[in-house]
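Enquirer: Residue numbers (the working numbering), protein chains in the order written: chain A, 2 to 368; chain D, 2 to 368; chain H, 2 to 368; chain P, 2 to 368.
It is worth saying that the hints were derived from the structure and are not from the lab. Please note that the accuracy of each hint is not assured.
Which copy is meant is left open, so a pair is good if it fits within one copy or across any two.
What the hints assert, rightly or not - Calculated cross-link-like contacts (lysine-lysine; reagent style DSBU-like; alpha-carbon spacing at most 35 Å):
1) K67 / K199
2) K318 / K304
3) K67 / K304
4) K100 / K199
5) K100 / K67
6) K100 / K165
7) K165 / K199
8) K67 / K165
9) K318 / K67
Computed from a predicted model, the values in this text were never measured in an experiment.
Number of protein chains: 4
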Amino acid sequence: MAGNSIGQLFKVTTFGESHGPAIGGIVDGCPPGMALTTDDLQLDLDRRKPGTSRYTTARREEDAVKILSGVFENTTTGASIGLLIENTDQRSQDYSEIKEQFRPGHADYTYWHKFGIRDYRGGGRSSARETAVRVAAGAIAKKYLREQCGIEIRGYLAQLGPVKADLVSWDEVHNNPFFCPDPSKLEALDEYMRQLKKDGDSVGARVNVVATNMPVGWGEPVFDRLDADIAHAMMSINAVKAVEIGDGFAVVEQRGSTHRDELTPQGFSANHAGGTLGGISSGQDLLVSMALKPTSSISIPGKSINTRGEVIDIVTKGRHDPCVGIRAVPIAEAMLAIVLMDHYLRHRAQNMHVQVTTPDIARNSRD
Amino acid sequence: MAGNSIGQLFKVTTFGESHGPAIGGIVDGCPPGMALTTDDLQLDLDRRKPGTSRYTTARREEDAVKILSGVFENTTTGASIGLLIENTDQRSQDYSEIKEQFRPGHADYTYWHKFGIRDYRGGGRSSARETAVRVAAGAIAKKYLREQCGIEIRGYLAQLGPVKADLVSWDEVHNNPFFCPDPSKLEALDEYMRQLKKDGDSVGARVNVVATNMPVGWGEPVFDRLDADIAHAMMSINAVKAVEIGDGFAVVEQRGSTHRDELTPQGFSANHAGGTLGGISSGQDLLVSMALKPTSSISIPGKSINTRGEVIDIVTKGRHDPCVGIRAVPIAEAMLAIVLMDHYLRHRAQNMHVQVTTPDIARNSRD
Amino acid sequence: MAGNSIGQLFKVTTFGESHGPAIGGIVDGCPPGMALTTDDLQLDLDRRKPGTSRYTTARREEDAVKILSGVFENTTTGASIGLLIENTDQRSQDYSEIKEQFRPGHADYTYWHKFGIRDYRGGGRSSARETAVRVAAGAIAKKYLREQCGIEIRGYLAQLGPVKADLVSWDEVHNNPFFCPDPSKLEALDEYMRQLKKDGDSVGARVNVVATNMPVGWGEPVFDRLDADIAHAMMSINAVKAVEIGDGFAVVEQRGSTHRDELTPQGFSANHAGGTLGGISSGQDLLVSMALKPTSSISIPGKSINTRGEVIDIVTKGRHDPCVGIRAVPIAEAMLAIVLMDHYLRHRAQNMHVQVTTPDIARNSRD
Amino acid sequence: MAGNSIGQLFKVTTFGESHGPAIGGIVDGCPPGMALTTDDLQLDLDRRKPGTSRYTTARREEDAVKILSGVFENTTTGASIGLLIENTDQRSQDYSEIKEQFRPGHADYTYWHKFGIRDYRGGGRSSARETAVRVAAGAIAKKYLREQCGIEIRGYLAQLGPVKADLVSWDEVHNNPFFCPDPSKLEALDEYMRQLKKDGDSVGARVNVVATNMPVGWGEPVFDRLDADIAHAMMSINAVKAVEIGDGFAVVEQRGSTHRDELTPQGFSANHAGGTLGGISSGQDLLVSMALKPTSSISIPGKSINTRGEVIDIVTKGRHDPCVGIRAVPIAEAMLAIVLMDHYLRHRAQNMHVQVTTPDIARNSRD
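Assemble the whole structure, with the sequences as input and the hints as a guide.
Expert: Structural data, given as structure tokens:
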């Protein structure tokens, strides 16, 4: 049934298959009065798009987005925003032989059982190509949050296979094709990727996303917690298998005396929480981390079955990312932006009139 | 705004504060015709309820649930099911002194900023007491899934602080107050908890939940993926800071040739995926793991501020769990049941007529 | 499936059968900081409750509502508000003989086919008793709208069978058991009701609801129009068969030159529109009218079938309203309040920052 | 906020302004396995499209729909269906002078106050042009309901100004540009429309829609009743001011002994209810009627104000329908189809296993 929407007040609905004529979506709920042009979306789309470095798939898509509605004289009107990205480099012939095959690690088997029909060309609806629309929609949210709320949302590659990278510099993230924040790790990454290509294999990755300059109070108690909605959004990204907020799994071995971030007039003493308390933003930086599995499309032959249940040998041809985690950085930023935008609108719906004289200590620590 | 509901077709909405007259909820969307009495709910409520061992809070609640509607002659009618649990052991006096204090690691500060008013008695709406209703609602889902679909949902404590426990035996889980599946670890757990109590501190935990005998095809593509909805549900549990499906964060260092579970007519060759492919259940066991932070209510004094922004010393009195992860096992089971029930109904709405002759290989491996 | 909720940001979910232990509901999304006690709800509940005049059912229910959560020290906290009303005058024995009968005009036949099981006692979930919870929830919305937005929501009986009543005086509505705004019609109403009782028959009614002092701009374009959501809410009331906004069906024979309400600096020249343009409130009074069918529970014998498809004679015993339209006035007010409250919150989520210098002409006309 | 979606399981979301590059939408939740091509949608689009007779607007739009996703090898896949209709005949110059004017009876004034910005070209988002996407989406639902459930959904013009038309023949509806089911009324309609054009005025209309061969049991108790959702859907159509189910407002003067449709083994004795009991379909024909206001775009000069609050004279130029009710017939059919499709999916989610031996008497009467 209907599962192609996310968000309640800032709602994004998408459509499109990897090898259909186009992909696209509708952003419903963007407030009126924000300056917006396709340039605002294209920047992030270009960061995500394939074919930009030798480390990602050779498929080339222009990913040129069109805004079909909701913007008048370069300003949002409050009407739903229609987005369209044509598919230009499809090469359907690459996929004909997998028509009746279930590629291991792919959604082929589950889609087939669920729907009884499968657009087998490049994964169809299950293709990561769908995430381009998320990035376009997320760019709208990012712009709004930056301009209206001062929030900055940025991601980076924190680990690729065995190579870990610390957040040395946000600026560095844009200077290399890995979204790597530590320039000293670029050589190791390059070397690892070369070996991976030689092996015909793929590898997993860890991506971190951070929202800075967060206000206090976003998120709804109980089920629609900010952290719960972030977990949902991140886990909805293709290949993501795990999500952490703040210290994440490290809390298992932590003591309460260590974990609790003490409050002082100058700010929180630490940020183990990762920016939420009781599911509501605390004003601390929002720290989100996720794991992306290695892409299952590799050139090492494997075993599988076909639609008749027969044993087959399978080699995934075509052009694929050896590490889907690399291009996931702008996608993760987009998803965080969509969730935050939704909660911003939800927050102001209910709590517009709330005023407390208690200081926002996280803000104190920033000033 | 409205954030107290979860699910679309099997929808659970809850209300209630720790120290109000009662907590409760509404389960909307339970199919008609299922036998149901309060006994079916009470079993899981008793597993969660406080005061059952020396390792959990000394607060004693009967947690006796009443079914107020939706059941006629011990059978569900398809009408919404009203649930009510009275609060019996409240002791509001315990909490009066924290009225203007923000306890570190608690939702006090964020609720105050968000709402401008706070039911400070025992955490109010942010109290884990709210999870009792989840357990009651989840018990309805668990029963339906077991009886109609043959699915079994079971959880266990996989780690408490430094003490790890493997799944040695499901039966063992019920034989000890830790929900520990490995009897050889009970002594270590007991010892660790004694020391913790002596220290006046708390510790985190890892809880695993497994759904066995899963059908293929549950979950919706793109945003409403089964794994994404599970991540949302788990992260909505108080204190949860991280969620994994299948191999989780271990995939970061995995190769694609290792991770992909090959398909054979006799079943999947492994279960790195943890039961979903493309966000849709594969028929493999559903493997979910989560981290719960150490409770912030400890007797070690800490620093904080009050509602006027002044520095204060704080010691959390009252009766608290030194490890909230222990009692989280039935809660995690309940949340997984709610998500699965919702997706079961969603699946049959859209795909009732789908029939494929392709064998369900996961089922093969079970037979 | 789940159909027991209404509203998106101000969401009301209800449960309860006519002859169960209690009915109740959850109001999720009420902003924090509003003074609220059960007295605020009881006033409207008393207006709706049965047994208050000889013109309504002799069933006596105290309809005493309890607020179980979401209110702390007589102030809303922003948490979900649990409402409970116990059923006190049930007399289940009255209904035993209709166990296998389908009463004409009732939901017996459709519930039976839909669910395969039916709580036959007094209509079960299909009983108008369910509307008591709507009235309680609506009272919260009415209070908020009145105090925060200055909106007044009032209804009246506009027609009962052949007896029509004009809006002579709002004050008069409270002075008689018919909610009739024209004192000159009371005798005719009394006479008609006496005859109806003598005949053992029932009759339909028209109820009007008006919201005055409306702001401009509430309602969302396209599907979630204010008028569309009002139509939904009103048609969801038991027995309602038709809904009009403004001139309603009279527009069929109107010319555009008549219908269009011209704008002047002093206000709209008329109110044919009934308070919405393009689905958005115009600041004109919101004019809603609805038709309620005659109750099907009459003592005139009728033909029907039973669950085995056999022909039966049927006489509805029990205590019933000869005109359900009378008690529908507070219900219709409540539903309008719920819709307006929801749209108020939705409006401020998206358009909080919108400011235009164009005068609100409807306000001009009021000043 | 987000208001451009309708439906829960069969969800339609639309975008697009009258004078933007394109309009379109996403149909999410269509079951897989149905044959579908653009031809299936084009038929209804052609019935709605402007410029087909001298009685409707002279604007000419091809309204050629493209299916961008969700259909593979002419079969639905279960993925979201992207629909696109380019705007070809826009003539933006026609609208420049109304940039700062509020046309009476239009949404200009309310959009301006709500959003602070307005796409003034042809009504922008408030234009009835948006309904083309509804018709395309509805055509998918109609096809599914016809082929899978045997339900036929048909509408007709029941009244135009003073000229009433009875349902003489369904076939006749397609033989004239008025969607008039009574050939004897065509001359009167033609004459009336000629006079209307001469007068430069417009007029209202009544449109009826009927669903035949309905199953028993669709619709959810309490808020999401079938009739309530129909009322919502119909009132969401531009210009609709009133909705009736079955006898509608005639019930106000009816007695219960008349209104209740008695049940016999051969079927219901009548259809006053219009196909629903307790908000659930009874198997009787679904009878829906609605009133459409006269279009406000007329060439008779009127008074209004501009964005600065100044008095202005206004004459609506451009090409407009003198009676929007005429082209509303396929729109009303589409909306009914969307609602029924949604409730079909909802019904089978919850009640798939329900089986009663009680005969479906409505079906009896059809055989």
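Enquirer: Please list, smallest to largest, the hint numbers that this structure does not respect.
Expert: 1, 3, 6 and 8
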